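Chemist: With these hints in hand, go ahead and build the complete structure from the sequences.
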Amino acid sequence: MNEHLRSTAVEREPAPPTPWGAADEIATYLAPRSLDAALEALRAGPVTILAGGTDLMPQSKTGRARFHPTLMNIRRIPELQGIGEASGMVRFGALATMTDLLENALVRSRFNALWQACDCFASDQLRNVATIGGNICNASPAGDTLVPLLVFDAHVVLASKADGTLATRTVPLRDFLVGPGRTSRRPDELLTAVEVPLPNERFVSAFYKAGARPALDISAISIGVGANPAAGALNDARIAFGAVAPTAIRAPRTEATLEGRLVAETIEPALKAADDEISPISDVRASAWYRRELIRNVLRGMLENVGQC
Amino acid sequence: MNDTAKTGSNGSLIGKRIPKKDAPEKASGKTRYIHDIDLPGQLHAKILRSSQVHAKIKSIDTSAAKALPGVHAVITAADLPWQRPIGVAKDHLPLKHDKVRSPRDEIAAVAADTEAIAEAALKLIKVDYEPLPAVVTAEEAMSPDAPRLHGDDLIAPGPDGKPHVVHQASHDNVAMVFQYGQGEVATGKAASDAIVEDVFKLHYVTHCCMGVSGVIAEFDASENLILYSNTQVPFLHKREFAELLGMDPGRIRIVQPPIGGGFGSKLDIYPFEPIAIYLAKITRRPVKLVFTREEEFIASPTRQPVLMKMRSGCTRDGVLTFREVETIHDNGAYTSWGATTPFVMMQTISSLYRVPHCDYRTRAIYSNNPYAGSFRGYGNLQATFAVEAHMDRLAEAIGMDPLEFRLKNAQDPGEVTPQGMHFKSCGFKDCLSVAAERSEYQEKRRANEARRNDGNPVKRGVGMASMLHVGGGAKIYPSDGCGTILKMDDFGRVTLLTGASEIGQGSETVLAQLVCEELGLPLTSVNVVNNDTDVTPWDVGVHASRTTFIAGNSAIGAARKAKDKILTAAAAKFDQPAEALDTRDQCIVEKSSGKKLVELAKFIRSLHFSDKAELVMTSYYYEPPSKHQDKQFRGDVSAAYAWATQVAEVEVDTRTGIVKLVKITGAHDVGRVLNRLGIEGQIEGGIVMGQGYALTEDLIVENGVIRNPNFRDYKLVTAPEIPEMDVVFVETMDGEGPQGAKGVGEAPAICVAAAVANAIYNATGVRITALPFTPENVYRALHSNSQPPTWVAAA
Chain A
1 MNEHLRSTAV EREPAPPTPW GAADEIATYL APRSLDAALE ALRAGPVTIL
51 AGGTDLMPQS KTGRARFHPT LMNIRRIPEL QGIGEASGMV RFGALATMTD
101 LLENALVRSR FNALWQACDC FASDQLRNVA TIGGNICNAS PAGDTLVPLL
151 VFDAHVVLAS KADGTLATRT VPLRDFLVGP GRTSRRPDEL LTAVEVPLPN
201 ERFVSAFYKA GARPALDISA ISIGVGANPA AGALNDARIA FGAVAPTAIR
251 APRTEATLEG RLVAETIEPA LKAADDEISP ISDVRASAWY RRELIRNVLR
301 GMLENVGQC
Chain B
1 MNDTAKTGSN GSLIGKRIPK KDAPEKASGK TRYIHDIDLP GQLHAKILRS
51 SQVHAKIKSI DTSAAKALPG VHAVITAADL PWQRPIGVAK DHLPLKHDKV
101 RSPRDEIAAV AADTEAIAEA ALKLIKVDYE PLPAVVTAEE AMSPDAPRLH
151 GDDLIAPGPD GKPHVVHQAS HDNVAMVFQY GQGEVATGKA ASDAIVEDVF
201 KLHYVTHCCM GVSGVIAEFD ASENLILYSN TQVPFLHKRE FAELLGMDPG
251 RIRIVQPPIG GGFGSKLDIY PFEPIAIYLA KITRRPVKLV FTREEEFIAS
301 PTRQPVLMKM RSGCTRDGVL TFREVETIHD NGAYTSWGAT TPFVMMQTIS
351 SLYRVPHCDY RTRAIYSNNP YAGSFRGYGN LQATFAVEAH MDRLAEAIGM
401 DPLEFRLKNA QDPGEVTPQG MHFKSCGFKD CLSVAAERSE YQEKRRANEA
451 RRNDGNPVKR GVGMASMLHV GGGAKIYPSD GCGTILKMDD FGRVTLLTGA
501 SEIGQGSETV LAQLVCEELG LPLTSVNVVN NDTDVTPWDV GVHASRTTFI
551 AGNSAIGAAR KAKDKILTAA AAKFDQPAEA LDTRDQCIVE KSSGKKLVEL
601 AKFIRSLHFS DKAELVMTSY YYEPPSKHQD KQFRGDVSAA YAWATQVAEV
651 EVDTRTGIVK LVKITGAHDV GRVLNRLGIE GQIEGGIVMG QGYALTEDLI
701 VENGVIRNPN FRDYKLVTAP EIPEMDVVFV ETMDGEGPQG AKGVGEAPAI
751 CVAAAVANAI YNATGVRITA LPFTPENVYR ALHSNSQPPT WVAAA
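Protein chains in written order, with my numbering: chain A, 1 to 309; chain B, 1 to 795.
Since the hints were derived computationally from the structure, they do not count as laboratory data. Everything numeric in this text was worked out from a predicted model, so none of it was measured. We put the beta carbon where it would ideally sit given N, CA and C, even for glycine. Any given hint could turn out to be false.
[Claimed, not checked] Derived DMTMM-like pairs (lysine to aspartate or glutamate); straight-line CA-CA distance at most 25 Å:
1. A:61 with B:38
2. A:61 with B:119
3. B:660 with A:283
4. B:201 with A:283
5. B:123 with A:195
6. A:61 with B:532
7. B:660 with A:268
8. B:66 with A:124
9. A:61 with B:713
10. B:126 with A:25
11. B:30 with B:532
[Stated by the list, open to error] Restraint-style ranges between C-beta atoms, simulated for each label pair:
12. B:456 with A:287: 23 to 31 Å
13. B:197 with A:282: 28 to 36 Å
14. B:453 with A:231: 28 to 36 Å
15. A:305 with B:35: 44 to 52 Å
16. A:287 with B:197: 27 to 35 Å
17. B:452 with A:232: 28 to 36 Å
18. B:454 with A:305: 19 to 27 Å
Modeler: Shown next, in the form of structure tokens:
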């Protein structure tokens, strides 16, 4: 090899303060043990919130998510844990994992669509750490739990200490999701829980996710269906779609077409309404055309099934 | 260690289920991959790649990066005027100086105290580009006014230090051509009652080794180079690195830590390896360079994409008459092994079935796309996909059962094909019959066809495909041999030094097994050393499904020499002819009675600690009886050939396009099963790799840019969709093979996609000639919303 190579070696100099990486360098790591401490931290300045980390870590690696100077791990906050029911309202703590949901008897018996969504969510390893709060705040149009939660009229509970005292507000999930990766959460707020009214015992629901493989996949489309079926008709019909609009959406016109009428007679107008309500794009996972075809074909089958309940 | 396979008194090890020797280390997380190795004083390197698909490099400013504390060196092509090219056509400089031809292109490299500093330094390098029009399809590249990817001669210093043209300009973007013919196609056409023609399009996939690429380069105080490398061909690379660096090959030592997957991807030198060496030279420190997963997707080779036009004919009696094939291989920006895959494709096209007349022309065309390398199957998946589609189509055209049609044209043992391949052992017809019978292929095919229009949206289909691949080495390099050194210590234990690398295929287990079989030892008595060019004898490398066959024969040769030496000495001591003695159960015995004369270890000690001290050490070199092809591609390149038939059963959901692979029935002519557990693992793993190629894997390249460089959107097959498998071995006992075995490493991946294509046709009546069969692609084909691939007009 050539001797002149030596000249390209960098001369050693005394080290000045490191200028590199300052933009997304984490200066402070917090792991509060109370909601109050977490809300104080949020009030103090921009904070990146870490729960399961299953979205945050890959997004920060690709540069899609940038770290604020403070990284706050919320996993030790007791107020965010647990799944419980009181006076007809089921509360899912923001830290409830997909595995927690899958193993919960109430979810299994009364929230079938949610249970199915958790069942086809990523893989075992991810289900063990991914949280319901994180899935909601990530606000992916294809987020697996969002579609069933929309079917069940979920609300999110947000806590803050904007003026030094604890304040909470409850927002319908459909209003909380405002765009791809965007929610109406203020930077000083923490999503503490998801509240879902307990459906009556006759309410049936189902979830379907289409992708290239049955596990570890991001939906090309997903569909949630819920209703009280009665003699071939649907009452309280609820339809939600994932990955066919900027957010996961409810489909009110499709629901109105179906409401109270025989499925067999309303299926075609309902499919037409659904086609009008969605606005899919073409991306690396599917074309807009194929997404529309999937919504039509899969929704047809799901409605036929629920009509036979 | 739990030694589940021992030599019993009657016990042969051949055909037993033997856990891989490296399994406990891997299962317990103790294996030290290159990623786990850190040398004292080591620096970390990172590479700056192009932000452009095709552009002139106007200037590169590295001053800010060099000023960053913790940075030890920043290099560009300007620092290395003596750079020499790498690759199969020597058209590729590791660091680019004049222009970039793809987004993977290496522009600068940094060595720093940590990976984070190196990464930060990359961000401080400013490159000024002048964009050039991108050439992103072979069709564009072939048009007369297309920009030329390599329009100028590449000049680099030769061994004499003076400038030489090392790669000649390509004025038509043609990188490589192959042409082969047998018989007279016009005669074949005239004799045909049915002719079918299709254009097939085979897509980009990549190896997805679980261990990403990496290297550590170090120069010792005497300027000897030590490379910790994942290469599959250490001895060839020793020589190639020597040429590249202007060094004496004797001063290069390649050490191979265990690797996290090869599958052919590590047969070539890629820019990151010389770059790490340059940095080690400049900094006088060990330099470690390990890819990120995204980098692995972007900057490692792909399987060769192919556009193929094929025309085939047969008589109404079901005898093949001719085959005419033309291909366009998108070569990408540089030439690696992918460009040479026509050489293997040719064998399937000319010789899987008896085809009297054949015409075959291929062109590899430069573009700004990723470039392809060698990948398990080496072009054979692509060729088999087309050939087996035509076997079904021709059978249908003449109204013959597809199994009968295949049996009628299948090769027999003893056949010498017009190309010169000699099929000394050939279980092809058995493979066809056994796979068909076990899967109830004929009954299911008819039943599925009858059910095609029954209103059920989920259709069932069954499809068959077969393959031919080298199984006894492949005479591609000047030698296809392998050396072995065997030594026995005073305790009767063997150290086997072999040139053959272990890349997860299980070679060290099989080699140990073959040696134990010869010497009458338990498996725990053999230690295999196979990872250091300063220690082990020469081998051509892990490729072409050759290791069991070539290294196995070499290991057997060394073991037999050791045994001869021991028994000759024992004959003198026990006053019996050597032929009357044997080694069994770690003892020297009388062959006829089995009577134990002495413990082997004790006897070896008596040889060693005596007046005429003697160590039991032998060496052996095996070169298979195969020949180089001539310029017309005629010749018998392998000492043996492997055969297989696979039957795929699928469910096609016509509402979503989702194809579920339900079952694969495979019949494989493997010569003989040596390690049953190992061969089952090879076959099952290969089937899953073939399944990914058929159904889920798709490296999406748009305008020269890889759109899905991650495991989220590049979809490997996961555990739930792995099909039921019924694999049977057809044992033809090859006369040249070690204990009768043939190579099988590549075989199982080769015909899955072809069988699935035929199964989808059986289910739906729709013939899809483009891969992959992802849900949307299949849905489009079923609902007439796609055009079949078309031939390139400019061609």
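Chemist: It remains to establish, for every hint, whether it holds in the given structure.
Modeler: Hint-by-hint comparison with the structure:
{"no.": "1", "hint": "A:61 with B:38", "verdict": "24 Å, holds"}
{"no.": "2", "hint": "A:61 with B:119", "verdict": "12 Å, holds"}
{"no.": "3", "hint": "B:660 with A:283", "verdict": "23 Å, holds"}
{"no.": "4", "hint": "B:201 with A:283", "verdict": "22 Å, holds"}
{"no.": "5", "hint": "B:123 with A:195", "verdict": "45 Å, violated"}
{"no.": "6", "hint": "A:61 with B:532", "verdict": "36 Å, violated"}
{"no.": "7", "hint": "B:660 with A:268", "verdict": "29 Å, violated"}
{"no.": "8", "hint": "B:66 with A:124", "verdict": "45 Å, violated"}
{"no.": "9", "hint": "A:61 with B:713", "verdict": "16 Å, holds"}
{"no.": "10", "hint": "B:126 with A:25", "verdict": "22 Å, holds"}
{"no.": "11", "hint": "B:30 with B:532", "verdict": "20 Å, holds"}
{"no.": "12", "hint": "B:456 with A:287: 23 to 31 Å", "verdict": "26 Å, holds"}
{"no.": "13", "hint": "B:197 with A:282: 28 to 36 Å", "verdict": "32 Å, holds"}
{"no.": "14", "hint": "B:453 with A:231: 28 to 36 Å", "verdict": "33 Å, holds"}
{"no.": "15", "hint": "A:305 with B:35: 44 to 52 Å", "verdict": "49 Å, holds"}
{"no.": "16", "hint": "A:287 with B:197: 27 to 35 Å", "verdict": "29 Å, holds"}
{"no.": "17", "hint": "B:452 with A:232: 28 to 36 Å", "verdict": "31 Å, holds"}
{"no.": "18", "hint": "B:454 with A:305: 19 to 27 Å", "verdict": "20 Å, holds"}
Consistency note: the structure conflicts with the earlier hints numbered 5, 6, 7, 8.
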